[in-house]
Amino acid sequence: MIQYLLLFLITMITVKSKEVSDINNTSLEEAQEVAILGGGCFWCTEAVFEKIGGVTDVVSGYAGGKSKNPTYKEICTGKSGHAEVIRITFNTKVLSYTKILEIFGKCHDTTTLNRQGADIGTQYRSTIMYLNETQKSIAEKWKQDFNKRLSSPVVTEIVEAPTFYVAEEYHQDYYARNPNQGYCNFVIRPKLKKLNLE
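What the sequence shown shows, in the numbering used here, is residues 2 to 199, in sequence order.
I should point out that these hints are in silico values taken from the structure, not numbers from a laboratory.
For every residue, glycine included, the Cβ atom is placed at its ideal position computed from N, Cα and C.
Worth double-checking, as some hints may not be accurate.
With a cut-off of at most 25 angstroms between alpha-carbon atoms, the simulated SDA-like pairs for lysine to any residue come out as follows [what the hints assert, rightly or not]:
1) 94 to 53
2) 149 to 99
3) 67 to 133
4) 94 to 135
Simulated restraints on C-beta separations [unchecked claim]:
5) 70 to 152: 37 to 43 angstroms
6) 107 to 174: 18 to 24 angstroms
7) 69 to 90: 21 to 27 angstroms
8) 112 to 178: 28 to 34 angstroms
9) 177 to 69: 27 to 33 angstroms
10) 145 to 73: 31 to 37 angstroms
11) 160 to 183: 29 to 35 angstroms
When you get a sec, could you build the whole thing from the sequences and use the hints?
Right, here's the structure in full:
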């Protein structure tokens with residue numbers, strides 16, 4: 002009888018511990034927010050946001066076109082309608098959505114339509130894909146304020162977030178895995194240095 006009582010008590014303690022653990026995980030998840038942004042080649046924007054404190058995850062992908070499950074080959078034609086974008090998950094106790102947009106504005110040229118440097122086409126457009134009305138309002142205010150700081154108008158589009166398609170595995174963490182590749186050396190690294198991230 003005592004053995005059964007001990008087994009019951011151990012089981013109850015284990016269940017109670019799991020409940021506390023789940024509550025802690027829920028609290029952490031509640032402090033998370035997602036932003037979907039496009040600012041040229043996703044290798045560049047991904048490399049920037051992976052170095053920002055408070056960002057917990059960055060995934061490169063495609064969004065904004067009509068085709069389902071697009072491939073990089075389709076995107077490169079410029080005919081898919083999709084943009085190269087990143088999905089950023091961040092801790093709202095450390096970063097605000099406004100701060101995310103401030104970094105976004107500094108890490109690419111918001112004044113060139115469908116172009117970032119040598120990357121040309123609608124797939125490289127500057128875009129903010131909002132996930133709710135709060136993000137939409139913040140994005141519109143950011144664009145208005147950012148416009149006042151520049152001599153050329155901001156052409157960043159602000160659209161409701163469509164389906165996000167995760168890009169092929171070799172695009173993920175591209176700079177971190179290929180720091181000495183030509184594009185990384187000549188395009189991404191100077192951008193990181195300019196932002197004091199490397």
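Now the hints, each set against the structure:
{"no.": "1", "hint": "94 to 53", "result": "14 angstroms, holds"}
{"no.": "2", "hint": "149 to 99", "result": "16 angstroms, holds"}
{"no.": "3", "hint": "67 to 133", "result": "21 angstroms, holds"}
{"no.": "4", "hint": "94 to 135", "result": "17 angstroms, holds"}
{"no.": "5", "hint": "70 to 152: 37 to 43 angstroms", "result": "41 angstroms, holds"}
{"no.": "6", "hint": "107 to 174: 18 to 24 angstroms", "result": "22 angstroms, holds"}
{"no.": "7", "hint": "69 to 90: 21 to 27 angstroms", "result": "23 angstroms, holds"}
{"no.": "8", "hint": "112 to 178: 28 to 34 angstroms", "result": "31 angstroms, holds"}
{"no.": "9", "hint": "177 to 69: 27 to 33 angstroms", "result": "29 angstroms, holds"}
{"no.": "10", "hint": "145 to 73: 31 to 37 angstroms", "result": "34 angstroms, holds"}
{"no.": "11", "hint": "160 to 183: 29 to 35 angstroms", "result": "33 angstroms, holds"}
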